[in-house]
Amino acid sequence: MVRLDELEAYQLAIEYEDESADAVVQWALETLHPRVALAWSGQAEDMVILDIAWRIRPDVRVFAVDTGRMYEETYELIERVRERYGLQIEVVFPDRLEVEEMVRQYGINLMYRDVAYRILCCELRKVRPLVRTLSELDGWFTGLRREQWASRQNIKKIEIDHDHGQIVKINPLADWTQEDVWEYIRQNEVPYNRLYDQGFPSIGCRPCTRPVQPGEDPRAGRWWWETNAPKECGMHCSLETGGFEKIMEAILQQAELRRQGAS
Amino acid sequence: MCQACGCQTEERPRAGPARGPVTWETVLQRNPRESMKAEKHPVDILDELPELIRKGYENIPEEDIVRLQWYGLYHDKPRIGYFMLRVKLPNGRLTPQQLRAIGLLARRFGNFAELSTRQDIQLHWVRLEDLPELFQVLRENGLTTNAGCGDTIRNITGCPVAGLDRDELFDSSEDLLSLVRFFYDTANRDYFNLPRKHKITLSACAYHCNYPEIHDIAFVGVRDGQQEGYTVWVGGGLSTNPRLARPLGIFVGRHQVVEVARAILDVWREQPENRLSFIKARIKFFVDRIGPEAYRRQIEERLGRPLPDWPEPPRPPRREFHTGVHPQKQPGLYYVGFPVVAGKTDGERLLAIADLAEREGLGVRISQRQNIILTNIRQERLEAVTGAMADLGFPLQVSGLRAASIACTSDPYCNFSLNSSKGLLEELLDHLEERLGPLDDIVISADGCPHACAHHWVGDIGVQASYLRRSDGSVEEALMIILGGGYGREARIGRVVARRVPVAETKRYLENLVRFYRQGNGRWGSFAQFANAYDDAQLLSIMETGTPDSAAAYAQSREIRERDAP
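Protein chains in written order, with numbering that gives the first Met the number 0: chain A, 0 to 262; chain B, 0 to 565.
Here chain B stands alone, though its shape is the one from the complex (with noise of 0.2 Å):
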């Protein structure tokens, strides 16, 4: 009740911005991103790109680096003037000529390079005034960092070995260009301008390497006898509201991707609804609105006609992340994925590795795992390929767990980090490796914050940064722990288990956790549903004390993790 005059407050006059239907009137008046894009289109910031420069990047308005965006630039940490840019890979897919002059450009820039988990090849340490010459090496050797970030169709991912793998449905891959011919040129404008990011895949993967069900859009391979073509599932997406992908119940044919997915983005991007607030504008939000059934109708209705149903969504027999020595389709032909631990490599082997590509007249790609794959060996070429590379620094006789784990970018890169999550997660590995020996069937998702660029909802064992604040006042770096979460088949968002354990807490949490997982000899089956056999409780208990029945260790941890540590 109001101290003044005694009325509810909700009665006062009006306070604050008007609730009622939304206009696109009422767009620009709340969300300033949104007249920011309608004030100059994003796209036309390259145009200005001399002027920029030879302003200075201190006498840049704000709003014309954050159109930057749409050319694959954010800022790196702190904020003074240098970028992250994020080289789109379509599928994955380059050729080592590609992969020499990205190497190059690496190596001229900190010699630092990351593989990041949607296929994207990351630089930082970039300047303003180094953009003229790295857009024009990228150009020269077809290659784009269109719509990196920003609100936009982000790099279209898929299985980054079709074409190859032996189980897969059908070779994708022509469909998946059809999408990038489309959504990466910049002529397409109203494309560019979405209410939010988006993260659209597309495979024929047997085994749902791309995480379809993590979305915006999936195009999932389907075959029915002679059909081949896609199923549809939409609004998936992690951070802090994570949604598994929902199901659009439609079959379509493998010419109709580009139409399908344009009436999809058109039905979410023309409802002023979905731009009035920049944290709520992603499509996942729409679809829990409006529900698939809904969705799906206001599709077809944009397509003019309905679409065949398809009310199975498939599921994959199994985990598979192309890891390892795999027999190609074509006789004699092989590919082997080399794990690049958290993604993290250098110019200089890049460079190596376009150089032993080259050679041996091999294809590159880029796994979603932030790993390498080369393709194209022949058998005879194994040994000595496999061994170039372990020259290089990338072993494949390194288990499951190292090969497939991943980590977001973090420290000392990015703005929201807290933690360098790269280095802890190799921390992990270690600790882990050395108590346990090789772990296999077990990848841990290492985040720096709640926007889950590695997975920390769905991965086996998801840890992401966070903080201890004690009441005089200091901080100190601790971890939130999630299991229970699932890829594929056993797609499933994780939960919380724990909050705020010191790092070297964690290590022994995870150890016991993992211990107790193995001295079960696969009774449960998958880490994840042996993490859904337990309840918080019990998988707490496990951590702390080894075993899942002690209620008194289970009470212990939650005081320790609300009262100040000494």
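So that you can see chain A by itself, here it is in the shape it has in the complex (with noise of 0.2 Å):
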């Protein structure tokens, strides 16, 4: 188990910061291997990891969370990924009683109905399964850049993650660009999701994005019904407290008496 204090991660991430990705990765790997993974979901930049990881070490650890509401696309592409690089992207689950219990009481689309259920689904489908799978770890890459979001715009290459157990967090590609991204993918042939072709311009789940039309915000292609949300769903930012908490207590007390019923 490998631990870094809050200083000694500000300490490299001032190191690193004019370093290439390659030599964050590098680092993180060498660090940390194999109690590091790339937390994937289909992103341009996380295929961009991927192909600088698995040139570093064909055996890098990569997972991905099936919410089990994803785009064909996605899936495809993880095949695509095992044809490439022999390398089996680790899928991971929702816990199902939590979700057959969410599914009960609100509905399987209950995110066009409310913020609160939004960040309800997001918080069981994709969260939970992030959170198990980063207890089992020491660090983990993900594809954030500065240009993405204001709140992104301090993130630094290598960083402690407080909202994961103090685990380490690593941003290779913090300062690229998005034409950055897309060079590298094309010098290098990298496999993408088909979306970025329809004109999606970030991959999400399938009820919760769509493609954008050429001039229109970017950010339109997420959750674009809502009025009053933070667009994040909980895997980079705390998640607020908010009304939804007591609603997640219930559907796991429920969950929690389905379980025990059952064994």
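Hints in this document: simulated from the structure, not taken from any laboratory. Predicted, not measured: the structure shown is a model, and the values here were computed from it. Virtual Cβ for every residue (Gly too), placed ideally from N, Cα, C. One should not assume that every hint holds.
Claimed, not checked - So, partial list: chain A residues that the calculated Cβ filter (under 10 Å) puts toward chain B:
no. : residue
1   : Ala20
2   : Asp65
3   : Glu135
4   : Gly164
5   : Asp174
6   : Trp175
7   : Asp179
8   : Gln259
Said to hold, decoys possible - On the chain B side, residues computed to face chain A include the following (Cβ under 8 Å):
no. : residue
9   : Arg32
10  : Met35
11  : Lys39
12  : His40
13  : Thr239
14  : Lys279
15  : Arg498
Join these two chains into a complex; the hints should help.
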């Protein structure tokens, strides 16, 4: 088990700030493998990191959260990765009792009815499986880039993840632009999610992700029907306290009761 | 080597941002904060405030929330729409009426107010819809939050008793105000778009109570016969890459401070390399790169003339935090520095102090030790004033440790903090005083994160919040202990001597350390000199066992730090 404290991580962040993504990934693999993994969701950035990491260690660990509501193109990309790289992405699934209870209470497409329900769906289908996986790791790679959101402007290439048990969070593409990402994909012939060719600016679950028209704000491609919510799903920010937590507790209690009833 | 084609990874087609000469275009591509500022100058967000409030917090783009930093607003924890508001008090100076206005505001917002380590007063729990009224009250009282946060000139600090202290070289108040008049004025927009935050200090305090050594730009008062002015140091700053300021070796006349500050800033802010990356944009990195001699030449080029030399950086004779009772230069008058532990106070008490000051005709100052100083107290009123303050919960008879230790904002407010450093400081003070009695010549710096707002690199004993991660994934609050740092004549960046020490053990460690120091009966001189008379292993041994010689204790401590606790 490798531990870094806050100061060590900050100093590494300064040291690696001017280094290439390759160097950052190399540091992480040398220091943390096999207890470091790439969280993969089919984004272009994820494929770039996968390609970079695989060239350094073909047995790099990559995991994907299958929320159960993904686009077919994303599943298809998982297959293409296996064919191209010989790399089996570890696919993790949400807790079936929790999801079944949520659907029982709020319907299968609850996310359209209220922000709280959408966040609940994100929490159970996406965030919990992620947190479970991370609890076994000392570090994880993400494709976060400073350009993407104002709340990401200050992310460092290496930092401590306070939302996930103080493990190391490695953002090798922090200072890459979107053009840098696609240039890399083109030049290195990296497989990418076919949804991008259909005008999708980012990849998420099927109910909540759609393509945007040229000139439209790219953020309009996620949760477009919502007027009053932050455009993150909890993977990269602490889920803020709110009414949905009480809903979530009730859901979990019910799921627990069923679990006990079943045993 | 690349597994795919056998090449060395560096040879692959361009992977990521191009490296090469840095242009403004590169800056805008690589640093989204710069493009945010270029797209709309954050100073202009104030005009949009009514519209932002109408839209509602959840509908405001994040970039505009960031722009509000330029008016002293930072998210409180968690980021759901409550804000900290930083009221800047140049040189920590305010009138009783201003104190009253702030007290009334504090009372409205959770009745909490904190005195910062840079002579500001901070309120919390402010929402956007509260701002128009808040700003109006502040404006009417001649108070500002302009450039409270953001990539700006922050509060300009100095000696809080400038003009009063008998030992000062001269009264620097007007010179500091000349900086304020220029740099707090949003009409000077260029200086509200710097590569990064910037901290200026100016004083002629004999004791350097304003720590010029840790500032981005320090005007350090000097006197040479009849000539009064400043020598200038640049590139100090703490956080994760702590640096002491480097002397430029120049002499600046009192009327030239604005001109010289501008030249220093212009050289830094106009070079695109300094804006490439947010985390390496502080001026200290620039000074690292070019060195003080080259910086001086570039400044002189800007000014169009060479500057007179001042080769010998002044060193203060001793440390002084202006706590306690001191006679002023003005005969018959005294100033008294009242300890405010961890800078924590509330609206009610600020109002009571405002009343007291008005009744007695006193001045009010905030010191960088998060304390309140009342000035112009007549000798015959000293007992009444100190008695009234004691009744308010600010007794004068406390140890030097309690009077001058400092703690950062921390929990429950600051989003960066891992703990409540204010609460921790109080616990440490109580523990040490209970076990060892009053301690006078030691100060503790308690920080909640590596940003070092409470100077854990240069306080006698620095503690920074950390954590112990166990193999089952659980996390326990712990502390990092930094020793050997110093202010003023002992200015030095400390060393991390112990990591991941649980809080309870930290109390025992510090007790052993201070007891050992006291048993030396002053043979090393100051605490900083003591801490530098031993190496890390010896200090750890002293903390663990009370003696410096136990290598076994050191090894045992290291092992405990590395393995999982049961």
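Going through the hints against the structure:
1. Ala20: Since chain B brings a Cβ to about 5 Å from Ala20/A, closer than 10 Å, the hint holds.
2. Asp65: violated (23 Å)
3. Glu135: holds (8 Å)
4. Gly164: holds (5 Å)
5. Asp174: This interface hint holds because 5 Å falls under the 10 Å limit.
6. Trp175: holds (5 Å)
7. Asp179: holds (5 Å)
8. Gln259: Cβ of Gln259/A sits 24 Å from chain B, so the hint is violated.
9. Arg32: holds (5 Å)
10. Met35: holds (7 Å)
11. Lys39: violated (12 Å)
12. His40: violated (16 Å)
13. Thr239: holds (4 Å)
14. Lys279: holds (6 Å)
15. Arg498: holds (6 Å)
In this structure, the hints that do not hold are numbers 2, 8, 11, 12, in rising order.
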